[in-house]
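S.K.: Here are the chains, one letter per residue:
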Amino acid sequence: MSQTSLHTPPESASGTAVSIAAEQRAAGKFTPAKIAGPKALKRIPGGKVLIGAVVPLLLLLLWWLATDVLGLFRPVQLPAPQSVFDAGVELLNRGELYQHIAISVQRVLTGFAIGAGCGLFLGSVLGLSKIADALLHPTIGAFRAVPSLAWVPLLILWMGIYEDSKVTLIAIGAFFPVFTSVHAALRHVDPHLVEAGRAFGFHGFRLLGTVQLPAVVPSVFSGLRLALAQAWLFLVAAELIASSMGLGFLLTESQNNGRTDRLLLAIVLLAILGKLTDALLGMIERRALKRWA
Amino acid sequence: MTSAPVLEPVKAPAALDDAPEERAVPDGSLTVTFRNVGRSFDARTVLRDVSLKVTPGEVVAIVGASGCGKSTLLRAVGGLDSGFTGEILIGDSSVTPYDERTAVGFQEPRLLPWRSVRKNIELGLPRTLSKEAGRARVDELLKLVGLAERAHLRPREISGGMAQRASLARALARRPGVLLLDEPFGALDALTRLKMQDLLLDIHAQTGTTVLLVTHDVDEALQLADRILLLGHGGSSSAEGASVKQLLTVPGERPRDRASAELARLRGELYVGLGVDSH
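Those protein sequences? They're chains H and F, same order as listed.
Position one of the first sequence corresponds to residue 1 (the numbering used here), numbered consecutively onward.
Position one of the second sequence corresponds to residue 1 (the numbering used here), numbered consecutively onward.
Errors might be hidden in some of the hints.
[Stated by the list, open to error] No farther apart than 35 Å at their CA atoms in a straight line, the calculated lysine-lysine pairs in the DSBU-like style are these: (1) K119/F / K195/F; (2) K275/H / K48/H; (3) K131/F / K143/F; (4) K275/H / K290/H; (5) K290/H / K143/F; (6) K119/F / K130/H; (7) K131/F / K195/F; (8) K119/F / K131/F; (9) K290/H / K131/F; (10) K245/F / K53/F; (11) K290/H / K130/H; (12) K195/F / K53/F; (13) K290/H / K195/F; (14) K48/H / K290/H; (15) K119/F / K290/H.
[To be verified] These stretches of chain H come out as covered by chain F in the derived footprint (C-beta under 8 Å, 3 or more residues): (16) 191-201; (17) 207-214.
Think of the hints as simulated: they come from the structure by calculation, not from any bench.
A quick note: this is a predicted structure, and the numbers were derived from the prediction, not measured.
Glycine included, every Cβ here is placed at the ideal spot set by N, Cα and C.
Assemble the whole structure, with the sequences as input and the hints as a guide.
M.R.: Below, the structure is given as structure tokens:
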């Protein structure tokens, strides 16, 4: 943009200032979206949710156009939104949908809780104790280097094909992001604050609870959110391999039966559930950050 | 800020001579005795042979060129550093790690960003104090440092000067026998620094605690201290490490006239000691 388009040539210094101010005011009046946009969004309850829904709705529209209206795909390649919805209703009426969702959510939450709990614990111990770090970090690093899916055959051999092996796999997936973020964050807590804490008589667990843990709350939550995403990833992996229930099972079964509508249903459900649990964790995170950061 | 400090009888003219032992001893304030204190980091000697007796209720400023070990000496008194040689006594017994009889005011406020000003000051309370007594003491300190209205704010919501006052209040919360201040006003603007110096005098008049103050500001030392310890390398000595180069007694009662001729002479002396032309 050229200089002259910004304001009229100055007649006097004060004249320029006035004309700029006037122009800014005018600009504010005529392009309110630029200035008031983000604020207006905050004012409408759920404004952010509405904006966030635009693209999914567009995708849905596109999907509908490509299948029902234009018929670009055969139903076995890409069924129409309506038939995916119908498949969902059918499974719901048969009482199977609820079962699939419930068992999957249960596996994810159990695995996530175990993995994240161990990650928090070991991350704290190794982050705080130099001796524990020197002793254990190389080993944990080596385990982290193993692609987590490589454990599957061993887990099945040791624990069978039922719940234990699945939950363990999910826990492994959830463990590393939490461990890594907590460990790294504790190593980098401002040493000045830690020293101040010590100078005022805090040590051990009291120091941990007063200075170190609050200081790493933001990193802990980013680790937890990563871990939750990993937990869903490993859930599907575990259920694809061996299961008789759950969304991953729905995926393989639908593939084998050529039920693309159910397959898409499972994918949509995974997206929704993943997003929901993440949003829930996000809410807790916001509360925690308000308190500690 | 607060009005001119009220002087205690502690600051009687008798305190002007070099061994101010005969002063009345304020409750709870302690002596600090350095006996041949030295400190080396690996092969590098930073301090050697520092010997000094600081009397209860005295304000001693420690000045010296940067990197000469001023902070190192102060940290040793607070028990933040245990690698020194020689002996440091607080009262009658040796310094313990993170000694409870001392409290440190750092150069940075070092407040916990997620806690309010009040909660930060509470960190400094002795563990043995009851909840109500603790609350009363924090109220008192908030008033003393002029932060009663800001007690609910977080550190990032207050100015640097206020943060430093909060940090000072936190250090005072345990009623230390020795208050250790490590360039506490160094990062503040000139005007705020002068106000903080007045506040410190005010606090000292009220609490009577022994104060060791590390500063790089010669005027600050002249304004606040009973005695000034100049750390530096001895003129002829080739030994590595700084030691007591000069120990000056500052004349006059506080608050002192910043423009007094006698202080100007001392200022010149100190600048020479620091290796700076006084012009």
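S.K.: Tell me the hint numbers this structure goes against, listed in increasing order.
M.R.: none
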